[in-house]
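Protein sequence lines, in the order shown, are assigned to chains A and B.
The numbers in the first sequence follow our numbering, run straight up by one, and end at 56.
The numbers in the second sequence follow our numbering, run straight up by one, and end at 1397.
No wet-lab data here; the hints were simulated from the structure.
Since no wrong hints were added, every one of them can be taken at face value.
PhoX-like, lysine-lysine: derived pairs with alpha carbons at most 25 Å apart:
id, chain 1, residue 1, chain 2, residue 2
1, B, 1230, A, 50
2, B, 1233, A, 29
3, B, 1318, B, 1308
4, B, 1341, B, 1230
5, A, 29, A, 45
6, B, 1264, B, 1319
7, B, 1129, B, 1318
8, A, 45, B, 1233
9, A, 29, B, 1134
10, B, 1238, A, 45
With the C-beta cut set under 7 Å, the calculated list includes, among others, these residues of chain B facing chain A:
id, residue
11, 1119
12, 1156
13, 1161
14, 1169
15, 1224
16, 1228
17, 1256
Using C-beta positions, here's what the derived DEER-type ranges look like:
id, chain 1, residue 1, chain 2, residue 2, range
18, A, 56, B, 1316, 43 to 51 Å
19, A, 54, B, 1308, 51 to 59 Å
20, B, 1056, A, 26, 33 to 41 Å
21, A, 56, B, 1308, 45 to 53 Å
Every residue, glycine too, gets a C-beta built ideally from N, C-alpha and C.
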Amino acid sequence: MKIIYELCDICGTCVAVCPVDAITVSEFKVEIDNDICTDCLNCLKVCPAKAIEEGE
Amino acid sequence: MVKDRYDIVVIGAGPAGSVAARYAAENGASVLMLERDREPGIPVRCAEGVSHNGIAPFIDIDKRWIASQIDIAKLTSPNGESAFMYNNGVGYVLERRIFDTALCELAAKHGARLITKADALDLIKENDKITGVKYRYMGETREVKCDIVIAADGTESRVGRWAGINTTVALRDIDTCVQYTLAGLDLKKEICEFYFGNEVSPGGYVWIFPKSDSTANVGIGIAGHLSHEKGPKEYLDKFVARRFPDATITYTMYGGVPTAATLKEIVKDNFMIVGDAARQVNPITGGGIVQGMIAGRIAGKVAAEAVKKGKFDAKFLKKYRKEWDKTLGNTQKVMHSMKEKFLFMTDERFNNLVGYCQKIPSDKFSLKALFTEAVKGDPKLMLDVAKSFVVSKIKLK
Ligand SMILES: Cc1cc2nc3c(=O)[nH]c(=O)nc-3n(C[C@H](O)[C@H](O)[C@H](O)COP(=O)(O)OP(=O)(O)OC[C@H]3O[C@@H](n4cnc5c(N)ncnc54)[C@H](O)[C@@H]3O)c2cc1C
Ligand code: SF4
Ligand code: SF4
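Let's have the full structure, built from the sequences with the hints guiding it.
What follows is the structure in structure tokens.
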């Protein structure tokens, strides 16, 4: 999964629905660890800012 | 000076964390709060609506953090019919930025410490036992030891995962939200508004919470499993273009509200979890400020008692679970299964519901009165609601 940083608001919604804890957050940035990600697409579906797309 | 050991470390300084810190400190524990952001309460991810009765037990009402007082709620159904309800007691639209800070100040007054720009990275464990928190402060990695960690890290709820609790929310149990603060409006600041229906906001609602006669928080939450094709922003933009075509957007914010039941596990040895992180949110309204504060108070008191007695195991800390279920947790469970019904409600039924509201004198409005009216017109609703009670095996207070 890939985050489009121009769109991401660092709201944490994607983190709440990730079943494998592949997404980390800091004050300034959200990151997806694609080694852990299982491509379930939960994060992409709920992101209110449409800031997640498929691919690495 | 920040010490390297406290009885209790609270992660997250939102309403749940700061209230937990306050009650723990007030009852004799030494407490440190870690907050990732530069200031509690920002960025605001909230419509800022609360009831007077909800917050008054926790803090003296102060004009500094009240934007407006709400006396009337207006519900609008998909067919455009509206019903007005005078609230049971007044409500407020807050300035969360100032409110959250005021709660932290209160915690500090009772002896709790707060560090901002302190981002918790992980729990420290020794022989599998939680003994502290590793955090990042101004580019430096630090450690603090403690007997109890209270996770109050909001929707994302990663800290619970570090403790081995499954905090993942199902798609249908998260509302995906966008909110604009709008200026240049012509409103009555004592009326808040709600719009329902599958065209307007599938599985959720649009809200207008006025902050003055010319400004308001206008937002939308839609159910996570219904947001894939069209996101909340598209629905909100359509609503705003129709209702407030000339408004100026002064603030845009995204967020997620867990509308689930409370987590199955909210304590572990040396560990508790409160607020949005524990999914202690009203699943129908999405309100979590007061719920988080109530949970924080219970958790803080139990944690302080644990410190006094030197008992930090899950068995002792379960007192928090018990007390929470009795206070709100059981009711939340019922509300959650009622919400499941709302998720599948047709527009026609929303129209009926607003119709029933219209039949109740506005100053006599209560959920019970609405239920009585609704059952008269829609016996199947009775069956649905009855099922929610059976499923959750508990009674509403
Ligand atoms: C769009 C929207 C509208 C809402 N409207 C309302 C409303 O009108 N009324 C209402 O009652 N509720 C509303 N809510 C819900 C309400 O905002 C939350 O329920 C409430 O803020 C929960 O409080 P909390 O203390 O549990 O978490 P939060 O207020 O989210 O606080 C969590 C804190 O933890 C910090 N944190 C997270 N991770 C770390 C870490 N690793 N280290 C250090 N700090 C960390 C965060 O920075 C944050 O400050 C709304 C929510 C949204 C998204
Ligand atoms: S849900 Fe979207 S906007 Fe929110 S943090 Fe994740 S990627 Fe960013
Ligand atoms: S696709 Fe699924 S597993 Fe991968 S980051 Fe998103 S939610 Fe997590």
